[in-house]
Each structure stands twice: as structure tokens, then as C-alpha cells.
Amino acid sequence: MKPGKGTKEDTFFSLDDLKRSDVKEHILFLPAMNGCDSTWAFFRQGKMKFVKTLEQSPKLQEAAKFFKAKNSTHEEIAAAGEQFLPAVYSPKSRGNSLNDLRFSTFTRTLTKTAFDLGSL
Numbered sequence: 052m053k054p055g056k057g058t059k060e061d062t063f064f065s066l067d068d069l070k071r072s073d074v075k076e077h078i079l080f081l082p083a084m085n086g087c088d089s090t091w092a093f094f095r096q097g098k099m100k101f102v103k104t105l106e107q108s109p110k111l112q113e114a115a116k117f118f119k120a121k122n123s124t125h126e127e128i129a130a131a132g133e134q135f136l137p138a139v140y141s142p143k144s145r146g147n148s149l150n151d152l153r154f155s156t157f158t159r160t161l162t163k164t165a166f167d168l169g170s171l
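Reminder that position 111 of the sequence shown reads as 162 in our numbering, one-by-one numbering, no gaps.
To be clear, the hints were calculated from the coordinates, so they are not data collected in a lab. A hint or two may mislead.
Below, computed lysine-lysine pairings styled on DSBU-like, alpha-carbon distance capped at 30 Å [as the list claims (entries may be wrong)]: (1) K100 / K163; (2) K56 / K103; (3) K116 / K103.
Computed spacing ranges between beta-carbons, pair by pair [as the list claims (entries may be wrong)]: (4) D61 / E127: 22 to 30 Å; (5) A165 / E106: 33 to 41 Å; (6) A165 / T124: 40 to 48 Å; (7) E126 / D151: 14 to 22 Å; (8) A120 / S155: 25 to 33 Å; (9) P109 / K56: 31 to 39 Å; (10) K103 / R159: 21 to 29 Å; (11) Q112 / N147: 14 to 22 Å; (12) A130 / A165: 31 to 39 Å; (13) S123 / F157: 42 to 50 Å; (14) E113 / N150: 18 to 26 Å; (15) K116 / F154: 23 to 31 Å.
In this text, a Cβ means the ideal position worked out from N, Cα and C, and glycines have one as well.
Turn these sequences into a full structure, and let the hints guide you.
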């Protein structure tokens with residue numbers, strides 16, 4: 052259940068929604084990436100954004116398979132994560148590296164007249 056805010060009503064989600072989704076195969080990958088009660092979460096990114104990003108990209112679904120494969124190396128898992136994070140933070144520029152994303156986010160934040168110091 053997602054509680055509503057203001058005039059929005061409460062939203063109830065069902066596991067049947069996942070049965071029709073390509074994301075069901077990666078149900079254990081999502082909490083590892085977007086945070087849960089025992090892990091940290093990404094700054095200003097909602098949990099559903101991770102689900103939608105994964106649903107919309109077959110390339111990212113393939114990359115997520117490295118997280119659950121028993122024979123995956125640390126390098127393969129890191130490379131898969133580095134593909135996923137830029138897609139979540141900047142969906143228009145898929146394919147950019149994590150360093151490119153960091154730099155563009157930093158420069159965008161610096162050019163604002165008022166910014167949140169925590170976002171740097």
C-alpha cells in the first residue's frame with residue numbers, strides 16, 4: 052500500500068501486477084539497488100523509479116542478471132551496476148558513464164543560484 056497525499060487516494064499494489072511484468076525475474080535485485088530497511092537508498096530517487104527504469108530497458112534487464120548469477124565476477128557485477136545508476140538518474144542520456152553523470156550533476160548543481168548543500 053502506498054498512502055495517498057493531499058487529494059490522492061491510497062494505492063494498493065498486488066503481486067499479480069508483477070506476474071505480467073518483466074521485472075518479476077529481478078525481484079531480489081531491486082531492493083539491493085534502491086534500498087530497503089537494511090540497506091541505504093539513493094538520494095532523491097523513489098523506489099518505483101527503479102522498477103520503471105528496469106521495465107523500460109531490456110539492456111538493463113540483461114545487466115541485472117549478473118547480480119543473481121552464481122558465477123558472476125565482482126567486475127561484472129560492478130559493470131552492471133554502473134549501467135543501471137546513470138539510467139535511473141538521467142534516463143535521457145543512457146549509455147553515459149557513472150563519472151559523466153557525476154560531473155554533469157555537479158555542474159548543474161553549481162550553476163543554480165540556490166542549492167542544497169547535501170546534494171553535492
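Original post:
Looking at the structure, which of the earlier hints fail to hold?
Top reply: Those not satisfied are hints 4, 13.
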